[in-house]
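Chemist: Residue-level listing of the chains:
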Amino acid sequence: MDSFIVISLIKIFVVFGALMTILAYLQWVERKVIAHIQVRPGPYRVGPHGLLQPLADVIKLITKEDLVPPYVNKVLYLAAPFLAITMALLSISVIPFGPAIQVGGYQTWMQLTDLNIGVLFILAVSSMGVYGIALAGWSSNNKYALLGGLRSSAQMISYELPLSLAIAAPLLVSNTLSLRKLVDTQDGWLWNWNLFHGWQYVSFIIFLIAAFAETNRVPFDLPEAENELVAGFHTEYSSMKFASFFMAEYANMITVSCMATLLFLGGWVAPWPAAYGSGYVPVAIFAAAGVIMLFHGLHPARRRDRLTFLPFGLILLLAAAVFLVPLTQSALLPLFWFCAKTGAILFLFIWIRGTLPRFRYDQLMQFAWKFLFPVAMLNLLVTGLVVAVFS
Amino acid sequence: MDLIVFLVFAVIAVVAAINVVVQRHPISSAVSLIGVMGSLAVLYLLLGAEFIAAAQVIVYAGAVMVLFVFVIMLLNAGTETRTGRSFIASLLGVPVLAALLAMLAYFTARIYPRGTEVRFGGFRGGTAEAVGRALFTTYLLPFEITSILILIAIVGAIVLARKELE
Amino acid sequence: MMGQVPLSWFLMLSAVLFSLGVAGFIFRRNIITMFMSIELILNAVNLTFITFAYERQQVAGHLLAFFVMVVAAAEAAVGLAIILTIFKNRGTLNIDELNSMKN
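Residue numbers (the working numbering), protein chains in the order written: chain A, 128 to 518; chain B, 840 to 1005; chain C, 2 to 104.
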């Protein structure tokens, strides 16, 4: 009992620290990727390639004046960002990042807690996340904020239905609600993943579209668009409370990407088993990146690249070497594949933000109720029929 | 440990329920009701009802209460004013309520003076599989009837709330 | 054994919530608050069902609570639509002023 509490506390600190860092740097990645899509450099002044930009943003947000306007409903105004960020971070607690690992004599799973009803827990927490936005819009006592809040919450609850139906289809195929067992049923080769083996292509697309709408991302971000509604539901918020809403949005993005990986793309399972050499893929990737960086460091385009590229190249080669150590391989390899797949879906989120225009609000709601919801129901029906007939 | 969890969430539930009844503005009552439903979900987990706890949060706290909050925000009716105060009602109100409560508590304690003790993990039959199995075998008829009931409710709500055709 | 909760405490909590719901329904004049007191009553009854399911070690209590939840959701949808229509036509949510079917 004691060791369980100590191990859980250590895991909580590790996951929380990693998550906060990833949230900050996900914003850097987004700004850089969108900048390069728009053929401009993005943040590049603060630190090498703008890598210290998130730190500068955090310092700015913390030291900004924290203004509470006198005409707001104080209790709800202060509770809304707290609710939003709590629900967003709570759903990370049931996501498994890898299989069981041995750390110094104790065996533990790379997951904060495994629930029998893991998928239902994530759905429940995302349903509660609607309140953060609705109450923020209401308590601000501002018609733009109220409109933005109502539109955003109506959009979120409308797209919760196709999202739940799209989640139910691979659950029928895998026959479990626990996230850990979901990955265990997709063990093996590339074609064992639920996306291919279970023919869940339609579910995957519906899940992605509904996930874009649930997290208020382009092309569904009208409720928080800057040129439409002043700033939507967070008009009256400043500094840390505003930062909470942003962190909540990115944390929600990470959660739905992890869910897509676990449900459709096989979680932490490598595309081909380790017996056939999939353990050397991360080594190859990091080694290639390190060699390229060393090459550009030795023949620099700018003079200061000689100073920055050489150490980074060496760090990347060191990372490649770490993946060869058999002691940490059992923990690092599944983590690498999980992060690679989740990172690919996050890149898709950012890519679409830089590419597509946004929907008008009535087009958005019509699309949800008249097209996506019937298609999701039909998909669930067909999946249920196939599972019932062929097993 | 179970005792502490029960006491904490029972106190939260009762305080939030009193807040529902006492607050002047409907939105504060709605948020307190969400608090009641959340703490009841934790108590359901203590009683081994894991599927019903998740359903409570998803359906009740996450959909029905959102509907309430939306209607309150759209109507924007403001705080409640007192009309037609009856002197006898304000005199007898709270004592009668206390008497009702005392009667219920007395009969409850008489039937279960030192009954079963509830322990987390004492009932393992509340999984999604068990509920689903019972739902689709023994309780299939009520299940189909409630699905028709929901369809009727959807049609009724849409008919009632749409704009009048001139 | 320390850390176990007597079953009757759950039933008494349910009784307290039920009485508070009845009090809210009788004493408040705003329709929406009265509606929320009804939801409080339904939640108290759900707690009773689940408690007895634990005592009898059967899952039937969970099923009954599930159906109560479904019916409450349908009732909330229709009831709130009616409240919206009443507010559109009468302009008030105070039940003392909504005491005649004539406009």
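No lab work stands behind these hints, which were simulated from the structure alone. These numbers were taken from a predicted model, which means no experiment stands behind them. Incorrect hints may have been included.
[Claimed, not checked] Within a straight-line C-alpha distance of at most 30 Å, the following computed DSS-like cross-link-like pairs (lysine-lysine) qualify:
#1 A/K270 to A/K201
#2 C/K89 to B/K1002
#3 A/K308 to A/K138
#4 B/K1002 to A/K497
#5 A/K187 to A/K270
#6 A/K497 to C/K89
#7 A/K270 to A/K497
#8 A/K187 to A/K201
#9 A/K191 to A/K159
#10 A/K187 to A/K159
#11 A/K270 to A/K191
#12 A/K201 to A/K191
#13 A/K270 to C/K89
#14 A/K191 to B/K1002
Chemist: Against this structure, judge whether each hint is valid.
Modeler: Hint by hint, here is what the structure shows:
Between A/K270 and A/K201 the CA atoms are separated by roughly 17 Å; this keeps the pair inside 30 Å, and the hint holds. Only pairs whose Cα atoms come within 30 Å are accepted, and C/K89 paired with B/K1002 is accepted, the gap being roughly 10 Å. As the CA atoms of A/K308 and A/K138 are separated by approximately 20 Å, the hinted pair is consistent with the 30 Å bound. A C-alpha spacing of about 19 Å is found between B/K1002 and A/K497, which places the hinted pair at or below 30 Å, so the restraint holds.
For the hint pairing A/K187 with A/K270, the CA-to-CA distance comes to about 28 Å; that is within 30 Å, so the pair holds. With a CA separation close to 27 Å, the supplied pair A/K497 and C/K89 stays within the 30 Å bound. A distance of roughly 29 Å separates the Cα atoms of A/K270 and A/K497; the hinted pair therefore holds under the 30 Å criterion. Between the alpha carbons of A/K187 and A/K201 the distance comes to roughly 24 Å, so the proposed pair stays at or under 30 Å and holds.
In summary, the hint linking A/K191 to A/K159 is supported, as the alpha carbons are separated by about 25 Å, within the 30 Å threshold. Taken as a hint, the A/K187 and A/K159 pair is honoured in the structure, with Cα atoms around 20 Å apart against an allowance of 30 Å. Restraint check: the Cα-Cα separation between A/K270 and A/K191 comes to about 25 Å, which is no more than 30 Å; the hinted pair holds. For the hint pairing A/K201 with A/K191, the CA-to-CA distance comes to about 20 Å; that is within 30 Å, so the pair holds.
Between the alpha carbons of A/K270 and C/K89 the distance comes to roughly 21 Å, so the proposed pair stays at or under 30 Å and holds. Using a Cα cut-off of 30 Å, the hinted pair A/K191 and B/K1002 is violated, with the two alpha carbons roughly 46 Å apart.
The structure does not agree with numbered hint 14 stated previously, though it agrees with all others.
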